[in-house]
Structure formats: structure tokens, C-alpha cells
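Colleague: Sequences listed follow chains A and B, in order. Using the working numbering, read the first sequence as starting at 1 and increasing by one per residue. Using the working numbering, read the second sequence as starting at 1 and increasing by one per residue.
Calculated from the structure, these hints are not laboratory results. Just so it is clear, CB atoms sit at the ideal spot from N, CA and C, and this is done for glycine as well. Any given hint could be a false lead.
[Claimed, not checked] On the chain B side, residues computed to face chain A include the following (Cβ under 7 Å):
no.: 1; residue: 24
no.: 2; residue: 25
no.: 3; residue: 52
no.: 4; residue: 66
no.: 5; residue: 87
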Amino acid sequence: MAADAHPQAATAEGGHASSLGVSNEKMGMWALIGSECLFFGALISTYLIYLNRTNDGPTATGIFDIPFTSVSTFILLMSSVSMVLALAAVQGDDLRQFRVWTIATALLGATFLAGQFYEFTLFVAEGMKLETSPFTASFFVLTGFHGLHVAIGILMLVSLWAASMGGRITSGKAEVVENVGLYWHFVDIVWILIFTVVYLIPVG
Amino acid sequence: MAEQDDHSHPTVGQYVEIGIILAVLTSLEVALYVFREPLGRAVTTPALLFLTAVKFLLVVLWFMHLRFDHRLFRRVFFVGVALATVVFGIVGANFYLGPGLGF
Chain A
1 MAADAHPQAA
11 TAEGGHASSL
21 GVSNEKMGMW
31 ALIGSECLFF
41 GALISTYLIY
51 LNRTNDGPTA
61 TGIFDIPFTS
71 VSTFILLMSS
81 VSMVLALAAV
91 QGDDLRQFRV
101 WTIATALLGA
111 TFLAGQFYEF
121 TLFVAEGMKL
131 ETSPFTASFF
141 VLTGFHGLHV
151 AIGILMLVSL
161 WAASMGGRIT
171 SGKAEVVENV
181 GLYWHFVDIV
191 WILIFTVVYL
201 IPVG
Chain B
1 MAEQDDHSHP
11 TVGQYVEIGI
21 ILAVLTSLEV
31 ALYVFREPLG
41 RAVTTPALLF
51 LTAVKFLLVV
61 LWFMHLRFDH
71 RLFRRVFFVG
81 VALATVVFGI
91 VGANFYLGPG
101 LGF
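So here's chain A without its partners, still in its complex pose (with noise of 0.2 Å):
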């Protein structure tokens, strides 16, 4: 039907073409990713906001240990040069390769999740509790909500990667990895700013 082609028409990469000649699926991820930036500016936001106000409780000068926190912003900003090699590979019709990318990419993902569980016990341990001041509520919301933004992220890789094995994904359903990868990279972007200005500012 003459009607349905145009709306229905395939994009190049997989996706389904809008009345704007763009993928509905790739739009509706970069509206989400739009709208996520207010979210983030937000919380970040209330993080600056409640720097000082400590309560008598940890300070970030005094609770940070910025090395390990390097260590994984390094991890993280790696695992988006995993995830754009496994859009390369997936869009040359590299399926192995696509499969190994994707699985280091949640990988990576997996170790930073891991190493922030690891230093929110620490933090626990010394004291630094949600309810401590408003600087730890507004830190653990803030770094909270980023860790539960990198789990879905890992869930998304999974499901990916379980769908590679099952045949589903081919070079011709590129755009469904472009938009879980554009994903992953915001979240990746997230940390970067959380990275200076929750981290190594205050601290420095």
C-alpha cells in the first residue's frame, strides 16, 4: 500500500524510517538521552548544592580515594571503545568479533559496577551513610542512579549478545546495537562530568 511505504519504509541500518526520514527507534533513544541530561544536571546539581553541608560527617576531601576512582573511570571510558568495536564489527557482518566486543564491553561495565559496590561499602564502613548529611544523600542518589543506569546498560549488552547466538542479530539489524550503544556511551559521558565535578574538583 502506497500509504504504509512511507512510514514503514526500512532505514539503511535496520530501523523503521519516521515522516522525518530519520529511525523511530534511533529517535526515540536520542530523545530519551535528552531528556536523561536534564535528569542528571539535576542530581548533579543537588551534589553541588549540598557539597558542604555535611552534618559533622565525612567531607568528599576526606572520604575520596581518587586513585581508585581513576582506575574506574579508565575501565569505564574503555568499555566505550569496546562498544563502538562492536558496532564496527556487527555493521561489517563480523558476528564473532561483534560477540567478543559486546560481551568485554558488559565486562567492563560488570568490574566498574563492582568497584562502585566496593567503594560504597568502604564508604558505609566509615561512616558515610545515606542518612549521614545531605552531601552523602545527595552523592550515593546521584552515583546511585549512574550504577543503576550502567546495570541496565549491562542488561541490554546481555541481551545483545544472547540474541547474537540465537541468530537474530545480522548486519541488517546494525541500528538496534547503534542504539544500545548510544546508550552505553551517554552513560559514559555521565560519569566523565561526575568524574571532575564530584570527584576531582571538590577534592583538589
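For this one, chain A is given, so just place chain B on it according to the hints.
Modeller: Just chain B, lined up with the frame of chain A:
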């Protein structure tokens, strides 16, 4: 369609180069933290913000393909960034103009 939708993505070599640049920039950030005492906040804070902005743009433009993709995606993303910047601006005003703003 009036606007171009160029899907030519970077090559694997370019992705690796960007990854190396990101690693070097992160190392520079850590170096600024290590040498924070002799350098002072007046140097480290603007330098850290500059390095962060460069890393942010490298990931967004190259890894997220905004440099190559449809303009509409760029607009949607940067509207979100602009709104987040407004929130930052309000917080900054709170810091510099005091509690009179009602925070």
C-alpha cells in the same frame, strides 16, 4: 528530504585513536589532581573543566556519531544539554548570589 542523513561512520582505526586520546586526557586529569598543591585551584579547576568538555565532545561527536548523523539528533541532544546547563546556571547563581534567591 532537505537535510542530509550521512551514515558514514568512523573507521575502526579512528575509534581506537579516539580511545587513546580519551585515555591520555584522563591521565592528564589525574596528573592535575596529583599536582593540585603546586598548581593551585585557579589553574586546576578551569583545566579540569576544559579536559572534561573535550572528552565529552569526543564521545558525543565520534562514538555517538553526532558529527556524522542527522541534524535532528544533534538538536534533540543539545536541547537536553542546554536545559541541564540552565539548571547548572541556577545553582551557580545560588552559590554566588547567596540564599536570597529562596533556595
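Colleague: Look at each hint and say if it fits the structure.
Modeller: Do the hints match the structure? See the list:
Violation of the interface hint for residue 24 of chain B is found here, the shortest Cβ-Cβ separation to chain A being roughly 11 Å, above the 7 Å cut-off. Hint on residue 25 of chain B is violated. Least Cβ distance to chain A is approximately 9 Å, over the 7 Å limit. A hinted interface residue such as residue 52 of chain B counts as satisfied when its beta carbon comes closer than 7 Å to some beta carbon of chain A; here the least separation is about 4 Å, so the hint holds. Given hint, residue 66 of chain B at the interface with chain A, is violated; its Cβ is 9 Å from that chain's nearest Cβ, farther than 7 Å.
Taking 7 Å as the C-beta cut-off, the interface hint given for residue 87 of chain B holds, the closest approach to chain A being about 5 Å.
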